[in-house]
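**Q** Which chain is which? The protein sequence lines are A and B, in order. For the first sequence, position 263 (counting from the first letter as 1) is numbered 263 according to our numbering, and the numbering increases by one without interruption. For the second sequence, position 137 (counting from the first letter as 1) is numbered 137 according to our numbering, and the numbering increases by one without interruption.
Incorrect hints may appear among the rest.
Label-pair distances were calculated between CB atoms; the ranges are [unchecked claim]:
1) A:Lys236 x B:Asp232: 49 to 55 Å
2) B:Tyr289 x A:Arg445: 54 to 60 Å
3) A:Phe436 x B:Trp96: 26 to 32 Å
Cut-off 25 Å, straight-line C-alpha distance, at most; resulting in silico cross-link-like pairs (SDA-like, lysine to any residue) [to be verified]:
4) B:Lys69 x A:Lys361
5) A:Lys361 x B:Asn3
6) A:Lys315 x A:Ile23
Simulated from the structure, these hints should not be mistaken for laboratory data. Predicted, not measured: the structure shown is a model, and the values here were computed from it. Each residue gets a CB set at the ideal place from its N, CA and C atoms; glycine is no exception.
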Amino acid sequence: MKTFKIGGVHPQDKKLTAQKPIITLAAPKEAIFPLEQHIGAPAKPIVNVGDRVKTGQMIAEAGGFVSAPVHSSVTGTVSKIAEYTDPQGFSKQAIYIKAEENDEWADGIIISDKLETKTSLDAKEIIKKISDAGIVGLGGACFPTHVKLTPPADCKIDSLIINAVECEPYLTHNHRLMLEKAGEVIIGTRLLMKALGIEKAYIGIESNKMDAVNHLRETAEKLSDFVHIIEIVPLKMKYPQGSEKHLIEAITGREVKSGAIPASVGVVVQNVGTAFAVYEAVQFNKPLIDLFMTVTGSSMTEGGNFRVRMGTSMKEVLDMVGGIPADAEKVIGGGPMMGRCISNIDTPITKRSSAILCLEKQKTVREDVLDCIRCGKCMGTCPMGLEPYLLAKLTEIEDWSELEEHYIMDCIECGCCTFTCPSHRPLLDYVRYGKFKVGTIIRNRK
Amino acid sequence: MSNYTVAPAPHVHGGDSVKKNMLNVIIALMPAYLAGCWYFGIGALIVSCVAMVSCVAFEWFISKFILKKQPQINDLSALLTGLLLGMNLPSSLPWWMVIVGSLVAIGIGKMSFGGLGNNLFNPALVGRVFLLISFPAAMTTWPIPDQLSLFGSVDALTAATPLAYIKQGIFTTFTEADMILGNIGGSLGETSSIALILGLIYLLATRTITWHIPISIIGTVLIFTGIMHGIDPCTYASPLLHITSGGLLLGSIFMATDYVTSPMTKVGQLIFGAGIGIITVVIRLFGSYPEGISFAILIMNAVVPLINRYIRPKRFGAK
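Next comes chain A alone, as it looks inside the complex (with noise of 0.2 Å):
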């Protein structure tokens, strides 16, 4: 079984919740739709106070370029544009609308659970509607989808990879969504490669999922067109596989080089979220108003995995499993090595969360820090080949230049280090700080 070659770890692999099936929440009484849920410009609020809006309806459109419009998932009446506290504690701009009991869907958009798997679109139309519905990629970096889907003159795709591989522990809603909605999956996936002008796509999925492995296989081969290709590769377990970079390699052997982007190498990488949301923008003119999430934790009796409108607070969501646990110690937005931690659960749900995770004290305490004994084991882990017990020296000594030419820019923040230190050394912590000194040293180079 194929994986990544450099590195890597293998924490304790705790699906909890990958028996349970998707179940849909009702929408909320209040959602709140913050105009920062992608990478680039924030979107710009094409409604007004007062405005009554429709379920699916945009009410802000995108800014730029590299930008996302923002839709309505609830019908209801806009009232206020003003702050509101991210999961992190910062405030940001957001639009609150105030939902009526019943959903009254936006023109053009077809509700239907029939499969669709015919299109007569071409690629620029394609690309059309996964942009004015608002998809970015919903693996947690959050980059408009249509911005990936026209990479530069000067880069050939070949391939197209869907990132299936959940690595993280704990997470479910990707496997369940493989489960359930196979169908929808490959045909999204067909349409990301129309749009590329592709025939070729694999599904990376980590081999504690061979059901989905083995599901994906048989509808792929029933809905296949003949044309476009898709390969569904199980991986070898490994974390981080579900890094961009890492994935490419483990299933094309291709290096993205240092500082270079995936289409240099002749790939594009979606998540298999996004592939279920194009299906539904393209197919049924649906934008990304919900998405897929797990909401999970030890002591957590009805985890389980959910399909939640955009806007619900995820306190919300929270008291439909039962609240958090008396336990907790930590709630986490996302899994337990890159997860954030969330300081303030009356923050809504956006394109940007994937998971709440509830941990208690014994599993995430932080032991006493003692000195570097040198075992290299942080070397050894890191999937990047960088030597992460330096760089934290080198940060603690301030000593930017040589961080720069020990490619501390390179980290992809996985957290293999500080989870493998046998001494128990922040090693990520003095790191991201490195980072973010050498980055903007750069930055104001140019």
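Following the hints, position chain B against chain A.
**A** This is chain B only, laid out in the frame that chain A set:
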């Protein structure tokens, strides 16, 4: 606002710790240590226990009263240094010399650099070499293995080690079985090849160390002594005799692999191991000492910062 902890990722840890690694090395040393106690009896027990107790005690006192920081004896590294030092000494060494050796090992070899992780040289070897140079007679007086001495006199008979015979050009003193089991003269923990190799297997199985350092040392010694033996079998002993005698296995499996004083990259470790192998053989064959592994490791310890500086890991997407 809620009362939940906020900290940057990763939020979980793999569970590895300094203590776990030290404990694994101590466990891996047990077969060879027990074999030493079996062959050399009560003397072995006394020497090793004095070394362990005094190393831990010196670390505690120096941390507490000189460096004025919380002693870290819980990480078991001082205990391991004591055990390794004890196993590198003849079982007949007077107890006060063992204490002097422990003081040098912990005080100069380790704490003067700032404690675990900061030392340049393997502390146990610093202690051993200090004793070897200071008390050459006592350090090269080897009791002959005698199981009964556990109940009998500490002043057992003494005899030369295989390496001393090799130096004199006598290669057939001991049977192969005795060489492998450890029924030969030598430091109390170095004689049983089979027990040391058991320890190596344990260390590899628990992934405490990788094969690079021990195998590169042993391989280099095999090749080097093999060539010499091929050229002149009367002057130079066979490679297998070299591997199973002296402290080669103890040194290459347990001393050279010390995290703190060995290179971090695999390539660096191979260079480090090859260097130790070459220096050891040069001392054994052409030097005035019969054994050279301790000096070889210490010399290569000094080269480690240089190796770490120039041997870099393979980068992903290197241009």
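**Q** Look at each hint and say if it fits the structure.
**A** For each hint, the structure was consulted:
1. Judged by the Cβ atoms, the range 49 to 55 Å given for Lys236 (chain A) and Asp232 (chain B) holds: they are separated by roughly 51 Å.
2. Evaluation of the 54 to 60 Å hint for Tyr289 (chain B) and Arg445 (chain A) yields a pass: the beta carbon distance comes to about 57 Å.
3. As the Cβ distance of Phe436 (chain A) to Trp96 (chain B) is approximately 56 Å, the hint placing it in 26 to 32 Å is violated.
4. About 28 Å separates the Cα atoms of Lys69 (chain B) and Lys361 (chain A), which puts this hinted pair outside 25 Å; it is violated.
5. Among the hinted pairs, Lys361 (chain A) with Asn3 (chain B) is consistent with the structure: their alpha-carbon atoms are about 13 Å apart, no more than 25 Å.
6. For a cut-off of 25 Å, the pair hint linking Lys315 (chain A) to Ile23 (chain A) stands: about 17 Å separates their Cα positions.
Hint compliance for this structure: hints 3, 4 are broken, all remaining hints hold.
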